[in-house]
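Peer 1: The residues making up each chain are set out below.
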Amino acid sequence: MRVTFEGVTKKYGDFTAVRDLSLTIEDGALHFLLGPSGCGKTTTLRLLAGLETLTQGRILFDDQDVTKVDSADRGIGMVFQNYALWPHMTVTQNVEYGLKLRKLSRSEVSDRVRDVLGYTRLEPFATRLPGQLSGGQQQRVALARAMAIRPNVLLLDEPLSNLDAKLRLEMRDNITSIHQQTGITTVYVTHDQKEALSMGTAVSIQRAGQIVQTDSPRQLYWKPATPFVAGFIGETNLIAGTYLGDRRVETALGEWALDEVGEDFAAGDAVTLSVRPESVVVHLDDDTPATTSSLGNPVNGFTLRLKHLTYLGDTEHLRLGDDADTELKASLFNVEAHHLAPDDIVRCSVRPSALRMFQPEHDLSSGT
Amino acid sequence: MNSTIGGAEDSGRVNRIIATAVGYGTIAFTLAILLFFLVIPVGVIVTKAFYNGDTFTLAYFRLLFANDLQMTSIWNSLAIGIATTILTTLLALPLAIVNARYEFRGKTLLSGLLLVPMVMPPFVGAIGILRFFARHGSVNLQFMDWGWIDRPIEWLGEGNVFWAVVILEVLHLYPIMYLNLTAALANIDPSLEEMANTLGVKRWRILKDIVWPLARPGYFAGAIIVFIWALTDLGTPLLVGYEATMPVRIFTLVTDVNENPVGFALVFFVIVLTVGIFLGSKLLMGGKKYEMMARGHVTSGIRRPSPLGTLGIYLLLLTTVVIALVPHFSVMVVSVGDKWFMTPMPEHYTIKYYLAILETELAFTGIRNSMLLSTASMLLDVVLGLLIAYVVVRKLIPMANLLDSLVMVPLALPGIVLAFGYVVTYTGTFLDPLDNPIPLLIIAYAIRRLPFMVRSAAAGLQQTNVALEEASATFGASRFYTIRKIIMPLVFANLVAGGLLCFAYAMLDVSDSLILAMKDKFYPMTKAIYALFLEHGTGEFIASALGMIGMLILAACILGASMILGKKMGELFRSG
Numbered sequence: 000m001r002v003t004f005e006g007v008t009k010k011y012g013d014f015t016a017v018r019d020l021s022l023t024i025e026d027g028a029l030h031f032l033l034g035p036s037g038c039g040k041t042t043t044l045r046l047l048a049g050l051e052t053l054t055q056g057r058i059l060f061d062d063q064d065v066t067k068v069d070s071a072d073r074g075i076g077m078v079f080q081n082y083a084l085w086p087h088m089t090v091t092q093n094v095e096y097g098l099k100l101r102k103l104s105r106s107e108v109s110d111r112v113r114d115v116l117g118y119t120r121l122e123p124f125a126t127r128l129p130g131q132l133s134g135g136q137q138q139r140v141a142l143a144r145a146m147a148i149r150p151n152v153l154l155l156d157e158p159l160s161n162l163d164a165k166l167r168l169e170m171r172d173n174i175t176s177i178h179q180q181t182g183i184t185t186v187y188v189t190h191d192q193k194e195a196l197s198m199g200t201a202v203s204i205q206r207a208g209q210i211v212q213t214d215s216p217r218q219l220y221w222k223p224a225t226p227f228v229a230g231f232i233g234e235t236n237l238i239a240g241t242y243l244g245d246r247r248v249e250t251a252l253g254e255w256a257l258d259e260v261g262e263d264f265a266a267g268d269a270v271t272l273s274v275r276p277e278s279v280v281v282h283l284d285d286d287t288p289a290t291t292s293s294l295g296n297p298v299n300g301f302t303l304r305l306k307h308l309t310y311l312g313d314t315e316h317l318r319l320g321d322d323a324d325t326e327l328k329a330s331l332f333n334v335e336a337h338h339l340a341p342d343d344i345v346r347c348s349v350r351p352s353a354l355r356m357f358q359p360e361h362d363l364s365s366g367t
Numbered sequence: 000m001n002s003t004i005g006g007a008e009d010s011g012r013v014n015r016i017i018a019t020a021v022g023y024g025t026i027a028f029t030l031a032i033l034l035f036f037l038v039i040p041v042g043v044i045v046t047k048a049f050y051n052g053d054t055f056t057l058a059y060f061r062l063l064f065a066n067d068l069q070m071t072s073i074w075n076s077l078a079i080g081i082a083t084t085i086l087t088t089l090l091a092l093p094l095a096i097v098n099a100r101y102e103f104r105g106k107t108l109l110s111g112l113l114l115v116p117m118v119m120p121p122f123v124g125a126i127g128i129l130r131f132f133a134r135h136g137s138v139n140l141q142f143m144d145w146g147w148i149d150r151p152i153e154w155l156g157e158g159n160v161f162w163a164v165v166i167l168e169v170l171h172l173y174p175i176m177y178l179n180l181t182a183a184l185a186n187i188d189p190s191l192e193e194m195a196n197t198l199g200v201k202r203w204r205i206l207k208d209i210v211w212p213l214a215r216p217g218y219f220a221g222a223i224i225v226f227i228w229a230l231t232d233l234g235t236p237l238l239v240g241y242e243a244t245m246p247v248r249i250f251t252l253v254t255d256v257n258e259n260p261v262g263f264a265l266v267f268f269v270i271v272l273t274v275g276i277f278l279g280s281k282l283l284m285g286g287k288k289y290e291m292m293a294r295g296h297v298t299s300g301i302r303r304p305s306p307l308g309t310l311g312i313y314l315l316l317l318t319t320v321v322i323a324l325v326p327h328f329s330v331m332v333v334s335v336g337d338k339w340f341m342t343p344m345p346e347h348y349t350i351k352y353y354l355a356i357l358e359t360e361l362a363f364t365g366i367r368n369s370m371l372l373s374t375a376s377m378l379l380d381v382v383l384g385l386l387i388a389y390v391v392v393r394k395l396i397p398m399a400n401l402l403d404s405l406v407m408v409p410l411a412l413p414g415i416v417l418a419f420g421y422v423v424t425y426t427g428t429f430l431d432p433l434d435n436p437i438p439l440l441i442i443a444y445a446i447r448r449l450p451f452m453v454r455s456a457a458a459g460l461q462q463t464n465v466a467l468e469e470a471s472a473t474f475g476a477s478r479f480y481t482i483r484k485i486i487m488p489l490v491f492a493n494l495v496a497g498g499l500l501c502f503a504y505a506m507l508d509v510s511d512s513l514i515l516a517m518k519d520k521f522y523p524m525t526k527a528i529y530a531l532f533l534e535h536g537t538g539e540f541i542a543s544a545l546g547m548i549g550m551l552i553l554a555a556c557i558l559g560a561s562m563i564l565g566k567k568m569g570e571l572f573r574s575g
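Sequence lines, in order, name chains A and B.
Using numbering that gives the first Met the number 0, the first residue of the first sequence is number 0, and each one after it goes up by one.
Using numbering that gives the first Met the number 0, the first residue of the second sequence is number 0, and each one after it goes up by one.
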């Protein structure tokens, strides 16, 4: 089932939760809505579920307009953030509730219940009440209950946010494998970028009620469309500068060369550069030559003071530069020992292909 | 994919439409009931108080204010209300502190016993009290036997009848204050006090600066109920023979209201008074409800008293219970006394008055009528209460809060006013209480207790996450299927408890029963007790036996509700 949002707006009084949002969720996708809290992603999901009514726009399931279709008739399965398990019903009763409403035969109901309890590994707990289950088990019941009706679309609203870190990893694999088995179009709301990057077939970044970018996880990370996306997905250095033309940018740190720039830039434009900390190569050995540009001049190579160093085991985070304007974050991986100490002068460089250039955004915070 | 859009089958959709229609029909029905049996009767009173035929007039009010008896009765009733409120506070405060702060052996039993006085309307207790404290009653005779006094003391003489009413009211109403204060105190995070303790704040300053401000909204909410109930209780002053009180005046005026329209003015005045006080207190206190932050350990505020303290607590609780049960005890003695003449206690005991209930038409039909009427009104309350609470808590209609306020009006509106309104509105219609008061009695009972039911159901609904319903809706369940399958089971305890209270208070109802039931065969139990009491001969004894039967039924109900709701019970008896 393909789901399409066309110019959808949702207002609560004066507050606009979702603003002119258009989005296509492909059939069979595991599509993530990712954004900071308050960005409207849960509202978007609830609009899709039919739990909220649209102020403007329409929602299509394949080619059918479901904007005015009751939640009950959309054939969706939803997993709520707090699971919303009915505390007075056993696991089996919770799961078969939706099936009974569909007037399926008794044998069909019990077949489906057995089936879904099987692949969510809940058979041993079939007769327990939700209160007698652990958090992870409750989460699986919520998933089983939504899956039992074989929904057109499965909706997950921050399904793992109430679990501890270890269980969360386990449940990620669980959901991914269930999705692969069933191929049900799934929309997954989260603020956890690791969930989105590791599981999603497509990820939409949402901000202030609008979709900023929809792409595959890899594209999002390496080809962010805006400084906000670059900053929201992973860590990045955002550096203000002026475009010199010919794929070169002047900044307080020095001059940068890029492999490619968009077409909308003219010399003299104010721009923002984004570079991931792990793309900043720190030259621990003084002999390594700096990267050279096609003209043969050393570009994207800088000599900076080491301000601060944080050791994290597998990585080390370095902050280089003298003040906020010239600060550059860099990461070191897999280095057993080095001689760097604060106030040392460090040489570093960046591949031109690792740089992205944007129109500057006025508000670089992850604003809501 | 197996689900089509419109996953539930078509027959399911038809069912949903029907269920929705039924649901909204019920809401419309609820609103109609409130309109016809709350808004219109009050409207009629207001109109008639100001209009002589079609002409606007203030003459009735001039007559009212010029009449010494009416004015005296207003002042007397206000004094009864104020004195009762103050005394219940003084009595209930230590009890509430003990209950909220201390843990001791037998606490559950003793706390339960404290509620027992609620099981009898004070006017039934008055029967026993009259017998005990009459000129030649048990107390005087006993004192003369012991030689403490030479001549009988006029316990219930002209000047003392006021205090007799107040004491009966206090003994009946203190449990409401006690429940409210306990709930208010138990709701205060103990760590707030502990914090003040660590800062070295003195005990009384903690009470003054921390405990009192936080408990105050709960206290006032309960105090208003106590005040209004004491102010407008009809049975007690009527039985004690305290004629110069507002409710007794209204009761007298209702019979000849067509000749004497001052009754409208008086009832209007009472409405303004009670509703004004009610709203006034809500306005004063409304903005000052504090949201408790997350609570620490609930148990950390509960202390074990020292052995001496335990003894003190037992003494306090037992004394209170014993004194509060004097009216009940006296009624019981009257009900089993035989050949009781000029002796402190009966010389013989008998159960013949209990057997007589079966043979006395009035008594037997009274019990039967009350059981039927109370059951019917309770069922009406449960259905209406759940629906209204649901609509209000989930804000399903615009201005849901207005509906909530409307339902809470009966808390402020004395039963006597409502009954008066029914008589003047529906006399001469097919609902004429003279022909058959049953529909009006059921509705009057139900509307007066609806606030308890709505509170009780709303308390349950507020703890039920709305996502539980949304989950059901996504599977294709209609709202009313969801209410039946998901909501009802989850708030069942609240419905049972609320229903028990509605039943109990309908059984106890005095003003509606006395005013609306005009023929013997329609008398509810309370009116039967009153009628029997007025009869000469054995009437007084049968009335007492009847009172005892009612007491047992109610004790079972209130005990049940209190066991189901625990400390939350206090939150039902408050105005906001």
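Do not rely on the hints blindly, as some may be mistaken.
Rough simulated footprint, nothing fancy, chain A against chain B, three-plus residues with beta-carbon under 8 Å [to be verified]:
no. : stretch
1   : 334 to 341
2   : 460 to 470
Using 25 Å as the maximum straight-line C-alpha spacing, the simulated DMTMM-like pairs for lysine to aspartate or glutamate come out as follows [what the hints assert, rightly or not]:
no. : chain 1 : residue 1 : chain 2 : residue 2
3   : A       : Lys193    : A       : Glu107
4   : B       : Lys484    : A       : Asp72
5   : B       : Lys484    : A       : Glu122
6   : B       : Lys484    : A       : Glu107
7   : B       : Lys394    : A       : Asp110
8   : B       : Lys484    : A       : Asp69
9   : B       : Lys394    : A       : Asp13
10  : A       : Lys67     : B       : Glu192
11  : A       : Lys328    : A       : Asp313
12  : B       : Lys484    : A       : Asp13
13  : B       : Lys394    : A       : Glu249
By construction, these hints were calculated from the structure, which means they are not laboratory data.
All of these numbers come straight from a predicted model, not from anything done at the bench.
The C-beta atom is built at its ideal place from N, Cα and C for all residues, glycine as well.
Peer 1: Taking the hints in turn, state whether each one holds.
Peer 2: Results for each hint:
1. 334 to 341: violated (count 0)
2. 460 to 470: Holds, because 5 residues of the stretch 460 to 470 of chain B bring their Cβ atoms closer than 8 Å to Cβ atoms of chain A.
3. A:Lys193 with A:Glu107: With a Cα-Cα distance of about 38 Å, the restraint between lysine 193 of chain A and glutamate 107 of chain A is violated, given a limit of 25 Å.
4. B:Lys484 with A:Asp72: 19 Å, holds
5. B:Lys484 with A:Glu122: Cα-Cα ~24 Å, so holds.
6. B:Lys484 with A:Glu107: Satisfied, since the Cα-Cα distance of roughly 22 Å is no more than 25 Å.
7. B:Lys394 with A:Asp110: Roughly 39 Å separates the two Cα atoms, so the pair is violated.
8. B:Lys484 with A:Asp69: 20 Å, holds
9. B:Lys394 with A:Asp13: 19 Å, holds
10. A:Lys67 with B:Glu192: It is violated: about 54 Å lies between the C-alpha atoms, which goes past 25 Å.
11. A:Lys328 with A:Asp313: 16 Å, holds
12. B:Lys484 with A:Asp13: Not satisfied, since the Cα-Cα distance of roughly 36 Å exceeds 25 Å.
13. B:Lys394 with A:Glu249: Outside the cut-off at roughly 58 Å; violated.
Comparing the model with each earlier hint shows violations of hints 1, 3, 7, 10, 12, 13; every other hint is respected.
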